[in-house]
Amino acid sequence: MTEQATTFFRTLMQQPWGLWWLQARRLVRIEVRRNLLSKKAWWIYFLAFVPTVIILIHLLKERHPQYDIPEDSTLLAGVVQFYYVRLGIFFGCLGIFSRLIRGEMIERSLHFYLLAPVRREVLLLSKFAAGSISALALFGTAMLANFALIYVGFGAAGQDYVFNGPGMGQLEAYLAIVILACLGYGSVFLLLSMMFRNPTPAALLVFGWEAINPVMPSLLQKISVASYLRHLMPITVRGADIFALLTVTTEPVPGWIAGLGLMVLIAVVLTYSCYRMRTLEIRYTTE
Amino acid sequence: MNDRIQFDNVSKFYGEVLGINRITLDIPPGVTTLVGPNGSGKTTLMNLMTGLVQPSSGSISVLGLKPGDADRFFREVGYCTQFDSFPRGLTGFEFLMDGLMLHGMHPGEGVRLAQEALQRVKLSDAAHRKIAGYSKGMRQKIRLAQAIAHHPRVLVLDEPLNGLDPMARAESLALFEELGRQGMHLVISSHILDEVDRISDRVVLITGGYLVAEGNIHQVRKEVRDKPMQVLIRCDKPELLASRMFEVNHCVEARLHADGQGVFLRTGDIDQFYKLINEVAVEGLVRIEAVAPADDDAYSIYQYLIGSEGGPAR
Numbered sequence: 185m186t187e188q189a190t191t192f193f194r195t196l197m198q199q200p201w202g203l204w205w206l207q208a209r210r211l212v213r214i215e216v217r218r219n220l221l222s223k224k225a226w227w228i229y230f231l232a233f234v235p236t237v238i239i240l241i242h243l244l245k246e247r248h249p250q251y252d253i254p255e256d257s258t259l260l261a262g263v264v265q266f267y268y269v270r271l272g273i274f275f276g277c278l279g280i281f282s283r284l285i286r287g288e289m290i291e292r293s294l295h296f297y298l299l300a301p302v303r304r305e306v307l308l309l310s311k312f313a314a315g316s317i318s319a320l321a322l323f324g325t326a327m328l329a330n331f332a333l334i335y336v337g338f339g340a341a342g343q344d345y346v347f348n349g350p351g352m353g354q355l356e357a358y359l360a361i362v363i364l365a366c367l368g369y370g371s372v373f374l375l376l377s378m379m380f381r382n383p384t385p386a387a388l389l390v391f392g393w394e395a396i397n398p399v400m401p402s403l404l405q406k407i408s409v410a411s412y413l414r415h416l417m418p419i420t421v422r423g424a425d426i427f428a429l430l431t432v433t434t435e436p437v438p439g440w441i442a443g444l445g446l447m448v449l450i451a452v453v454l455t456y457s458c459y460r461m462r463t464l465e466i467r468y469t470t471e
Numbered sequence: 012m013n014d015r016i017q018f019d020n021v022s023k024f025y026g027e028v029l030g031i032n033r034i035t036l037d038i039p040p041g042v043t044t045l046v047g048p049n050g051s052g053k054t055t056l057m058n059l060m061t062g063l064v065q066p067s068s069g070s071i072s073v074l075g076l077k078p079g080d081a082d083r084f085f086r087e088v089g090y091c092t093q094f095d096s097f098p099r100g101l102t103g104f105e106f107l108m109d110g111l112m113l114h115g116m117h118p119g120e121g122v123r124l125a126q127e128a129l130q131r132v133k134l135s136d137a138a139h140r141k142i143a144g145y146s147k148g149m150r151q152k153i154r155l156a157q158a159i160a161h162h163p164r165v166l167v168l169d170e171p172l173n174g175l176d177p178m179a180r181a182e183s184l185a186l187f188e189e190l191g192r193q194g195m196h197l198v199i200s201s202h203i204l205d206e207v208d209r210i211s212d213r214v215v216l217i218t219g220g221y222l223v224a225e226g227n228i229h230q231v232r233k234e235v236r237d238k239p240m241q242v243l244i245r246c247d248k249p250e251l252l253a254s255r256m257f258e259v260n261h262c263v264e265a266r267l268h269a270d271g272q273g274v275f276l277r278t279g280d281i282d283q284f285y286k287l288i289n290e291v292a293v294e295g296l297v298r299i300e301a302v303a304p305a306d307d308d309a310y311s312i313y314q315y316l317i318g319s320e321g322g323p324a325r
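Read top to bottom, the protein sequences are chains A and B. To convert, note that position 111 of the first sequence is 295 in our numbering; the numbers rise steadily by one, no gaps. To convert, note that position 283 of the second sequence is 294 in our numbering; the numbers rise steadily by one, no gaps.
In short, the hints are calculated from the structure, not lab data. Among the hints, erroneous ones may be present.
[Stated by the list, open to error] Partial chain B-side listing against chain A, Cβ under 8 Å, derived:
id, residue
1, S67
2, F85
3, Q93
4, F94
5, F97
6, R213
7, E294
8, V297
9, R298
10, A301
[What the hints assert, rightly or not] Pairs of lysine to any residue, SDA-like flavour, derived with a Cα cap of 25 Å:
id, chain 1, residue 1, chain 2, residue 2
11, B, K77, B, L222
12, B, K248, B, Q230
13, B, K248, B, L222
14, A, K223, A, F233
15, B, K141, A, F338
16, B, K286, B, L222
17, B, K141, A, I214
18, B, K77, A, R460
19, B, K141, A, F233
20, B, K77, A, C458
21, B, K147, B, N173
22, B, K77, A, R304
23, B, K77, A, W226
24, B, K77, A, A208
25, B, K77, A, L309
26, B, K141, B, L190
27, A, K223, A, W205
28, B, K141, B, R164
29, B, K77, B, T102
30, B, K77, A, Y456
31, A, K224, B, K286
32, A, K245, A, L309
33, B, K147, B, G119
34, B, K147, A, Y468
35, B, K77, B, E127
36, B, K248, B, H229
37, A, K223, B, L222
38, A, K245, A, T186
39, B, K141, A, R209
40, A, K223, B, R140
Idealized CB from N, CA, C, for every residue including glycine.
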């Protein structure tokens with residue numbers, strides 16, 4: 185090992201990791217409390233659970249013959265692909281993550297954190313972690329509930345599909361998609377909220393970009409959250425009419441590469457966000 | 012680590028708007044008052060000191076530390092800003108605890124320091140009420156409590172007397188005085204100059220983003236030699252004294268004290284003036300009880316150097 189590498193690792197070990205961990209835990213607690221227990225968060229609950237309510241109504245009103253299992257499985261895949269990834273998680277994360285920094289600028293309370301003995305990188309990453317936990321708590325719970333409600337109506341056949349068939353694998357894939365979607369969109373919206381006073385127009389551009397991304401050259405497809413998630417879907421849903429644009433068949437990519445690619449994208453976005461955070465100024469009068 | 016707050020040729024521009032320009036300061040421990048009209052750059056100076064804004068050029072250090080080194084910097088520095096807003100839904104106690112726990116301390120220690128700070132600002136009774144229900148004065152107090160709770164060595168206070176009633180003002184000033192006596196750095200900006208003036212060791216005058224004067228108040232006043240100085244002389248025959256002084260000294264103005272037992276004299280040559288006063292006292296025509304400068308306070312210096320436009324209150 186070279187001398188520079190030894191010095192680097194020694195410096196790394198000398199950092200106050202214990203203190204940063206304590207600070208991060210405290211910040212996460214504060215943020216999760218604000219994200220999940222705030223009255224302003226009602227519409228994010230709505231976005232997360234509106235399909236759950238519809239599936240519950242479907243469960244109560246419709247009969248569930250055994251031969252409908254593949255059809256309902258495709259329906260659930262459609263809900264994940266077309267609703268959660270494209271709309272629910274997208275706009276839910278916009279609401280949660282753009283509030284973390286920009287929301288506090290608007291409420292003029294960010295300076296309290298910037299005047300605390302907390303490195304700005306620790307503050308930003310803690311807020312990101314808190315936003316991710318909040319988003320995952322809502323959309324992960326909704327995903328679990330949707331999955332349970334879809335198959336519970338089929339009785340023993342549904343149970344067999346989940347525990348002895350492909351059901352559990354599909355659930356794992358859906359949860360992985362929810363996690364990666366929350367982290368991916370979260371990191372993008374956190375950065376956008378630091379770059380723009382009103383991140384909504386930029387978020388709508390991202391929304392448009394995600395929609396047309398499947399028809400882009402493969403290099404440009406790598407700068408998209410949805411393109412990575414598409415490769416993780418356990419069931420391919422063919423869209424009709426306008427939805428056909430969202431389901432253009434692209435070169436298949438192994439799931440682990442898609443997951444890794446998205447993690448790299450998230451890391452790059454967060455690294456740049458940390459740089460922006462270091463140079464962030466409190467100028468509430470211009471907000 | 013040194014014991015100074017240092018600005019080295021610091022400028023700050025907000026786009027094309029000047030915040031402060033080429034400010035160099037070396038502030039020792041004690042109470043320092045920032046004086047200047049609205050928009051003169053006082054808050055910018057404080058925000059630069061605490062890293063809330065970044066300098067366009069120059070460098071700043073507080074006790075040898077930079078704001079970028081937040082772990083260490085904000086253990087030593089507390090800043091009570093003018094921003095009258097708080098994280099939503101918190102009680103005063105929770106607000107203090109959230110801040111203290113970010114220092115990485117044990118919850119028991121946090122509770123002790125929070126209670127101590129609440130006592131110091133006389134807000135213990137309202138500690139468990141929501142901040143949203145506080146009056147303006149109470150919100151000012153809880154901000155002050157948050158700034159002092161972790162026992163910083165440097166306390167930066169932006170208009171700390173705003174919104175306080177006279178009793179609370181007196182209590183706050185007594186607290187600042189006590190903290191200054193304990194060897195702490197206090198940097199205060201206030202429009203209520205004659206109250207802050209009593210406890211200030213130094214004054215920094217800025218206007219339009221430029222440093223006009225800085226130092227001990229009396230020294231700064233002496234440096235303003237082109238402005239006649241005003242002296243109050245308590246004596247038994249103020250009219251006689253005034254006529255005597257006008258005969259031989261460069262007195263430019265005389266005004267009887269309201270109680271008739273003294274006279275305010277304004278002179279362009281203070282050294283000659285004191286010499287003559289001694290002579291008059293020796294002559295025995297007038298019984299002089301006390302001689303004291305009447306305009307070497309921050310307000311008067313402010314008026315001389317900056318003028319009354321958008322000026323502070325007394």
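A quick look at each hint next to the structure:
1. S67: violated (11 Å)
2. F85: Holds. Min distance 4 Å.
3. Q93: Violated - the Cβ of B/Q93 stays beyond 8 Å from chain A, reaching only about 10 Å at its closest.
4. F94: Since chain A brings a Cβ to about 5 Å from B/F94, closer than 8 Å, the hint holds.
5. F97: holds (6 Å)
6. R213: violated (24 Å)
7. E294: Status violated, d = 61 Å.
8. V297: With a closest approach of 57 Å, the B/V297 hint is violated.
9. R298: For B/R298, the interface hint is violated, since the closest Cβ of chain A sits about 57 Å away, which is over 8 Å.
10. A301: B/A301 check fails; min Cβ-Cβ to chain A is 46 Å, beyond 8 Å.
11. B/K77 / B/L222: holds (22 Å)
12. B/K248 / B/Q230: It is violated: about 31 Å lies between the C-alpha atoms, which goes past 25 Å.
13. B/K248 / B/L222: violated (43 Å)
14. A/K223 / A/F233: Holds, at about 16 Å.
15. B/K141 / A/F338: With Cα atoms ~50 Å apart, B/K141 and A/F338 exceed 25 Å; violated.
16. B/K286 / B/L222: violated (34 Å)
17. B/K141 / A/I214: holds (16 Å)
18. B/K77 / A/R460: Holds. B/K77 to A/R460 sits at ~18 Å (cutoff 25 Å).
19. B/K141 / A/F233: violated (31 Å)
20. B/K77 / A/C458: Given that 25 Å is the threshold and the Cα spacing comes to 18 Å, the pair holds.
21. B/K147 / B/N173: holds (9 Å)
22. B/K77 / A/R304: holds (13 Å)
23. B/K77 / A/W226: Answer violated: B/K77 to A/W226 is near 41 Å, above 25 Å.
24. B/K77 / A/A208: holds (22 Å)
25. B/K77 / A/L309: holds (22 Å)
26. B/K141 / B/L190: violated (28 Å)
27. A/K223 / A/W205: violated (29 Å)
28. B/K141 / B/R164: The given pair, whose Cα atoms are some 29 Å apart, is violated under the 25 Å limit.
29. B/K77 / B/T102: violated (32 Å)
30. B/K77 / A/Y456: The given pair, whose Cα atoms are some 22 Å apart, holds under the 25 Å limit.
31. A/K224 / B/K286: violated (74 Å)
32. A/K245 / A/L309: violated (45 Å)
33. B/K147 / B/G119: violated (30 Å)
34. B/K147 / A/Y468: holds (19 Å)
35. B/K77 / B/E127: Cα-Cα ~28 Å, so violated.
36. B/K248 / B/H229: Status violated; Cα separation ~28 Å.
37. A/K223 / B/L222: violated (48 Å)
38. A/K245 / A/T186: Between A/K245 and A/T186 the Cα gap is close to 69 Å, so the pair fails against 25 Å, i.e. violated.
39. B/K141 / A/R209: Given pair B/K141, A/R209 holds - Cα atoms ~24 Å apart, limit 25 Å.
40. A/K223 / B/R140: Within the cut-off at roughly 20 Å; holds.
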